[in-house]
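Asks: Mind docking chains B and H on chain P? Use the hints.
Protein chains in written order, with the numbering used here: chain P, 1 to 299; chain B, 300 to 573; chain H, 574 to 839.
Simulated from the structure, these hints should not be mistaken for laboratory data. If you're wondering where the values come from, they're calculated on a predicted model, not measured in any experiment. Glycine is no exception: its CB is placed at the ideal position from the N, C-alpha and C atoms.
Straight-line alpha carbon distances no greater than 27 Å define the calculated DSSO-like cross-link-like pairs of lysine-lysine that follow: (1) H/K730 / B/K373; (2) B/K308 / H/K730; (3) H/K730 / B/K441; (4) P/K192 / P/K131; (5) P/K192 / P/K210; (6) B/K431 / B/K415; (7) P/K131 / P/K210; (8) B/K431 / H/K730; (9) B/K441 / B/K431; (10) H/K730 / B/K415; (11) B/K415 / B/K441.
With the C-beta cut set under 10 Å, the calculated list includes, among others, these residues of chain H facing chain B: (12) K730; (13) M738; (14) P741; (15) A744; (16) A753; (17) W837.
Here are a few chain H residues that face chain B, going by a calculated C-beta distance under 10 Å: (18) D728; (19) A735; (20) L740.
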Amino acid sequence: MSATPSASAALKMDQATTDVGGGAAQTGDRARSGRGAASPGGVPGWLARIDFTPLRSFAILLLVWQGVAVWTASPIQLPTPLRVGAAFLDLAAEGEITEHALVSVTRLVVSLAIAVVLAVPLGFLMGLNRKIDAFVDPLIELLRPISGIAWIPLALFIFGIGDVLPVFIMVYVAFFALLLNTISGVRSVDPKLIAAARTMGVARPMILAKVVAPAALPAIVVGFRLAFAGAWAAIVAAELIGAPNGLGFAIEWYRELLMSPKVFAFILVIAVIGYVCDLGLRALQRRLTPWVDEAGHSS
Amino acid sequence: MNGAVNRPKLRLQGVTKAFVAPRTGHRTLALADVSLDIDQGEFVCIVGPSGCGKSTILNIVAGLDAPTAGIVEKDGAPIAGPGPDRGVMFQDYALYPWQTVQGNIGFGLNYGAPGKSMSQAERDARVAEFVKLVSLTGSESKYPHQLSGGMRQRVALARLLANGPDILLLDEPLGALDAQTRIILQAELLRIWGETAPREQRKTTVFITHDIEEAVFLADRVVVMSSHPGRVRDILTIDLPRPRDESIRADPRFGHFADEIWRLIRDQALQAIA
Amino acid sequence: MTVAAQSFSSRPIAAVARGVALPLVLLLVWQAWASTLPANTRAPSPAQVARAFETLAIGGGLVGATLQSLGRVMLGFLIALVLGVSLGVLMGSSRRVSRNLDPIVEGFRPIAPMAILPIAILWFGAGTPAALSIVAYAAFFPLLLNTIHGVSRVDRKLLQAARTMGLPLHARILRVVLPAALPSIMLGARLAMGVAWTAIIAAELAVGAKSGGGSSGGLGQMMFVFYAYSIDLNNIVVCMIVVGVVALLIDRLFRVAERRLMPWRI
Chain P
1 MSATPSASAA LKMDQATTDV GGGAAQTGDR ARSGRGAASP GGVPGWLARI
51 DFTPLRSFAI LLLVWQGVAV WTASPIQLPT PLRVGAAFLD LAAEGEITEH
101 ALVSVTRLVV SLAIAVVLAV PLGFLMGLNR KIDAFVDPLI ELLRPISGIA
151 WIPLALFIFG IGDVLPVFIM VYVAFFALLL NTISGVRSVD PKLIAAARTM
201 GVARPMILAK VVAPAALPAI VVGFRLAFAG AWAAIVAAEL IGAPNGLGFA
251 IEWYRELLMS PKVFAFILVI AVIGYVCDLG LRALQRRLTP WVDEAGHSS
Chain B
300 MNGAVNRPKL RLQGVTKAFV APRTGHRTLA LADVSLDIDQ GEFVCIVGPS
350 GCGKSTILNI VAGLDAPTAG IVEKDGAPIA GPGPDRGVMF QDYALYPWQT
400 VQGNIGFGLN YGAPGKSMSQ AERDARVAEF VKLVSLTGSE SKYPHQLSGG
450 MRQRVALARL LANGPDILLL DEPLGALDAQ TRIILQAELL RIWGETAPRE
500 QRKTTVFITH DIEEAVFLAD RVVVMSSHPG RVRDILTIDL PRPRDESIRA
550 DPRFGHFADE IWRLIRDQAL QAIA
Chain H
574 MTVAAQSFSS RPIAAVARGV ALPLVLLLVW QAWASTLPAN TRAPSPAQVA
624 RAFETLAIGG GLVGATLQSL GRVMLGFLIA LVLGVSLGVL MGSSRRVSRN
674 LDPIVEGFRP IAPMAILPIA ILWFGAGTPA ALSIVAYAAF FPLLLNTIHG
724 VSRVDRKLLQ AARTMGLPLH ARILRVVLPA ALPSIMLGAR LAMGVAWTAI
774 IAAELAVGAK SGGGSSGGLG QMMFVFYAYS IDLNNIVVCM IVVGVVALLI
824 DRLFRVAERR LMPWRI
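Just chain P, with the same shape it has in the complex (with noise of 0.2 Å):
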């Protein structure tokens, strides 16, 4: 207590600049001093400020890859980055990339909304009705268990290929995370501030609109969250089997033609999209619930 909030956080980098060996808790404060003391160099501010960093990984990374590929000698199995990149120009050329993306893609966002409009409405029910919750609780842990991955076969009998069977998919795996999460936000309002709102005439509605709903929040886009990634790998798994379309059918495709650029453009495709889409969501969880950190917990 005796050394102020300043010192005891700035104890910990200067510290393991004097403490070789120390701590395993410490090696990496002292890269960060070694960064802080660079940076009032003659570099412009705004160049000093952007972190390198992930640029260097990535290229370390192509050239291992391209190491391996060549040292290995066999395209098929891995084709060096610089024909997964002339593949990758080709095929967005071509407008494939877009036209796979754009399906699987809009699938993904079909899916997400099906899953919200049925999920959350349920997810409120189930968490302020106790009764609601004792029925429809067991059948949910019933299902959940059950992969959507394997409701495919049946799915397939069902659905045959086509649209309907990996946004059937997709939903399925969206509702659980989104059902499990909302009722828990539910749940984890603070009965104080129900009965403080009670206290001061507030109706009912307006209690869930005001108080419940804003609680409930944070946990619902950390559901969302969750759906969105349990989502994306399941539309893989859905369009690679079922589906005549999309990015997974995309790579399985590639794959049985033995056009391995191709396939590994097209997985890229998949990570891109899955990267750039979380940081969206990431960006939204911060303007929806500023008052809470990346796990949904308040801080």
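Replies: Same frame as chain P, now just chains B and H:
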């Protein structure tokens, strides 16, 4: 042992500690030119307002932190890093939640340097001895979360002593306890420290507190610090007789010392809340 | 959790009745609907699913297929455990390592295990190694991320205390960092086992679907064979139920293990 007569056990000379903030490069001076000699068997309390660098001094003596400038010596040799010869009792105790009372007391003996030359049976015997010393017999297999604050404090004290350090460094060890428990444990601490033993056999102790009466009750000398940057404001020799018990608080000199210390830190304490 | 929850559990019979009501009603509706269909229908019914379960379980290869899938999950999980925890300790304890590796991890994370499958098939052929690598890949991320989280939040004081007691680096990792991070690691392990189980079913399904159902084996492939060759929906439903039950058992086992391994947690 001839040299030991006039050589202090611990010597801090011109110790300065600056912290540099990671991004802004802003420099904060936590300690400025702190000099302090502590003799063998002395009980020294450091008091001062928050921000005076009390804990920084402790960390530097413990070897967890190095001074930016100045000399820190133990028995005439510079302190280079942490070692089991200087035992630390941390604020909030730093007990291992996954270890039982026994496991915590024996942590250094079993996994660290102090128990290197011992057999497992010797270690166990030593743990049992210190369990008894701090009156925790019967609670050996409990986990920290099952203990009261006072009991946790005793575990931390037993762990500290079991490692056999010759210097004890205590960072507000009673700070988390309620007022009644504190007063009881202060007397207990003096008993365990070895108040009745001759000075050569007592452990040299540096004790950090923000409680003025606690400092007067425990210490041979009280170091009063001022903040921003942390400096030694004054050092008071508390020549109250030992062994001390509750009655000493009624001694007029006790109140005099407490008033004197309060006078020294009052201005900054008032500033801090203004 | 709350007072309301307690009052429910205080009347266990009523609670159980409420719990089974909806699933039971749905089962009855399903059975009633199925019995209105002509006798040669492919539509499954609860009664026929029960019968199919009996046939499959006794000499129908269900047990063998399940064990084969489980075996792959275990092995893949172990690989992920070793890699994920050791890399997680490194990244969680060193900011320099994590700053450099984090972009790569974040880059791979949105790539679904199933997207790796085509590459795995290219590398290893449509057999156990391909399935294993998918499982290990899927289980790796929850283990890695939770280990990093746990390790990076180890109380500094606990590490400092260990240093003052003279613990060397390896002992500090073994005696302080790992136990302190264990709750996170166990959570990661439970999540990893869940996704690993999903991934193996997906991998076996896809390998079955794309290589003519021949070589992969396991529960997922069994499902696909029932779809592709006999369109036996009752058998497929049996497999789905087994998928769910195994997932549930894995989850419960891990929860029990968590309590056993961490008696210091309340």
